[in-house]
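Peer 1: Chain by chain, the residues:
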Amino acid sequence: MNKKPLHIDFQKDGVSLDFSGELTLYNLTQAQSLIETNTLSNTQKIIINLEQVQYLDTAFALFLTDIQEKYNAEIQCGNKNFLHTLALTKEHKKRLDTNDNIHKKNIIEYIGKTFYESYLSFISFVEFLGKIFTSFLLYFKSIKNIRIKEIAFEINESAVRAFGIVALTSFLIGLVTAYQAAYQLQRYGGNIFIVDMMGISIFRELAPLITAIVIAGRSGSAYTAQIGAMKITQEIDAMRTMGFDPYTFLVLPRIIALIIMLPILIFVSDMMAMLGGIIVADLSLDLTPSLFLDRLSEVVAIKHFYVGLIKGPFFAFLIASIGIYRGLMVKDDTQSIGFNTTKSVVESLFAVIVCDAIFSIAFTNLGI
Amino acid sequence: MELIKVKDVKTVFGEKVVHDGLDLHVDEGEIYGLLGPSGCGKTTLLREMVMLQEFEAGSIEILGKKIENISEEDAQELRRKWGVLFQFGALFSSLTLAENIALALREYSTLSEAMIQEIVAFKLDLVGLKPSDAFLYPSEISGGMRKKAGIARALAMDPKLLFLDEPTSGLDPISAREFDELILQLRSMLGLTIVIVTHDLHSIYNTLDRMAIIDNKKVAYEGSLEEVTSVKNDFIQTFFRDKI
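Note that the protein sequences, when read in sequence, are chains L and X. In terms of the numbering used here, the first sequence is residues 1 to 368. In terms of the numbering used here, the second sequence is residues 1 to 244.
Treat the hints with care, as some may be off.
Unchecked claim - Heads up, simulated BS3-like pairs for lysine-lysine below, C-alpha to C-alpha not over 30 Å straight-line:
hint: 1; chain 1: X; residue 1: 5; chain 2: X; residue 2: 65
hint: 2; chain 1: X; residue 1: 7; chain 2: L; residue 2: 80
hint: 3; chain 1: L; residue 1: 90; chain 2: X; residue 2: 7
hint: 4; chain 1: X; residue 1: 130; chain 2: L; residue 2: 105
hint: 5; chain 1: X; residue 1: 10; chain 2: L; residue 2: 93
hint: 6; chain 1: X; residue 1: 160; chain 2: L; residue 2: 4
hint: 7; chain 1: X; residue 1: 81; chain 2: L; residue 2: 80
hint: 8; chain 1: L; residue 1: 70; chain 2: X; residue 2: 5
hint: 9; chain 1: X; residue 1: 130; chain 2: L; residue 2: 93
hint: 10; chain 1: X; residue 1: 81; chain 2: L; residue 2: 4
hint: 11; chain 1: L; residue 1: 94; chain 2: X; residue 2: 7
hint: 12; chain 1: X; residue 1: 130; chain 2: L; residue 2: 80
hint: 13; chain 1: L; residue 1: 90; chain 2: X; residue 2: 5
hint: 14; chain 1: L; residue 1: 94; chain 2: X; residue 2: 65
hint: 15; chain 1: X; residue 1: 130; chain 2: L; residue 2: 113
hint: 16; chain 1: L; residue 1: 94; chain 2: X; residue 2: 130
hint: 17; chain 1: X; residue 1: 218; chain 2: L; residue 2: 90
hint: 18; chain 1: L; residue 1: 4; chain 2: X; residue 2: 65
hint: 19; chain 1: L; residue 1: 93; chain 2: X; residue 2: 160
hint: 20; chain 1: X; residue 1: 160; chain 2: L; residue 2: 331
hint: 21; chain 1: X; residue 1: 130; chain 2: X; residue 2: 218
hint: 22; chain 1: X; residue 1: 5; chain 2: L; residue 2: 104
Hints were generated in silico from the structure; no laboratory data involved.
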């Protein structure tokens, strides 16, 4: 196969391209470059000689048809099979010439399409919210409609099993914030103010956000992947045809489970972060735990704790609904699950932070 | 010339024996069918032939190479000489049809981009797809088109041997007959040898030259359609009862 596939023979009255051996796509480039370096002109008479060829594949046949058309060459070939292959490629060329209108996108079309698609996806999210709302109403029509078993299962799956990771993360965050603050406070001799600072920042902001971030990364992404996989295997279609509404069986139990559990998780987070604070205060600021707790009940109003908990159900709704919505958007290909899971986490984190900002402004203006 | 020789193949899944002493051979240029009841191991045999699955004992020889103790280099060379169409096409979903077909050409040859595009257009045309389909993703096309594109991908490197796993399943009768036509055309145009796993009685009558019927872990019948009904076997008698 390493033999040269082509020998160019310059004669008085023209050029003969003598091909030999097995002509396949592996030695096509070799022949191509040989022809390009020996500049041929249309005026000469060119003969493509295939008498010495043992095998011809379609890729090479396409190439031969190209040269034949370009230089108006003549083909010499005794083998019926090769002529057949060449005829096949020629026929294809003819057909290709007649419908050669391949559409290429330009930038404006591209921008327009992207914009329109994001508009459509917004509309479909609104539609999704509407469906959730109507399914909620159905739930409340009769106690029987509520899928207690599914809700309990989801509570265990996406919240109870997350206690460990939420507790650990919060404890570390409490430790770190307290430690950084302790160093600054010590320089002013304001050791005792660590309690005020920790109380307000953890209860109001940090605990709800940390919990939401962990749950979005852990349970929100799981929702997308689970429901996406169910969509690919047509399980959701099967449920619909059997009369099981996916919204009552899959969507609402997950949303309700998170709405119930997120405030509880935030409470766990509050306690663990505070524990981290107490330990740091004791070790590096010589503030005994009992002093810390006395001061805490004195200066930090209970409203800060409630403000943190109130955010829970809202964050839960955002995380669960975005996760599920992304899962339902999964299309019938393998890339789609990964793409939508990434989007679900990014979008739900963004939504949680926007929601937190809105709460912050609202509560401040209300004087809470 | 025998392109595929299967001798005494034994396949075991855990406790279950799938094949035991299975023999058959495929000649050059023929369309060969693997038939049999569900769960008889037709697809398993096909997977063994294309080295996706190992077998317990026996020997399979493909294009002169015994695959049970083949070196990695030979295996790689063999893989370029055959094309495989999976039941659901198994197109790479992140690539367009054109990219799917061009993939092997890009990886294994030194062809210029223009030449690759030309080959891709030719292969698409060969299986009856439109040039504009080249830019679609597998998720955007129908099941029948996916199978056609799967064949175009299998044909990209001009293989000598083509394996088709249930090519007409899931297609409507008209598309299925068109597909039979396509298989026959490809054989006569490109001189392919084709091995088909199928259940489709129409396809069997339309396309096959010879076939092996696998039943009870062995080949119950190997040969042409004419003599098949004379074999005393429950599956064969039921399957071929209604002549078309």
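Peer 1: Next, verify each hint and record whether it holds.
Peer 2: The hints, checked one at a time:
no.: 1; hint: 5/X <-> 65/X; in the structure: holds (10 Å)
no.: 2; hint: 7/X <-> 80/L; in the structure: violated (36 Å)
no.: 3; hint: 90/L <-> 7/X; in the structure: violated (43 Å)
no.: 4; hint: 130/X <-> 105/L; in the structure: holds (18 Å)
no.: 5; hint: 10/X <-> 93/L; in the structure: violated (48 Å)
no.: 6; hint: 160/X <-> 4/L; in the structure: holds (23 Å)
no.: 7; hint: 81/X <-> 80/L; in the structure: holds (23 Å)
no.: 8; hint: 70/L <-> 5/X; in the structure: violated (45 Å)
no.: 9; hint: 130/X <-> 93/L; in the structure: holds (13 Å)
no.: 10; hint: 81/X <-> 4/L; in the structure: holds (22 Å)
no.: 11; hint: 94/L <-> 7/X; in the structure: violated (47 Å)
no.: 12; hint: 130/X <-> 80/L; in the structure: holds (29 Å)
no.: 13; hint: 90/L <-> 5/X; in the structure: violated (36 Å)
no.: 14; hint: 94/L <-> 65/X; in the structure: violated (40 Å)
no.: 15; hint: 130/X <-> 113/L; in the structure: holds (24 Å)
no.: 16; hint: 94/L <-> 130/X; in the structure: holds (14 Å)
no.: 17; hint: 218/X <-> 90/L; in the structure: violated (46 Å)
no.: 18; hint: 4/L <-> 65/X; in the structure: holds (27 Å)
no.: 19; hint: 93/L <-> 160/X; in the structure: holds (23 Å)
no.: 20; hint: 160/X <-> 331/L; in the structure: violated (36 Å)
no.: 21; hint: 130/X <-> 218/X; in the structure: violated (43 Å)
no.: 22; hint: 5/X <-> 104/L; in the structure: violated (49 Å)
Consistency with the previously given hints fails for numbers 2, 3, 5, 8, 11, 13, 14, 17, 20, 21, 22, ordered from lowest to highest.
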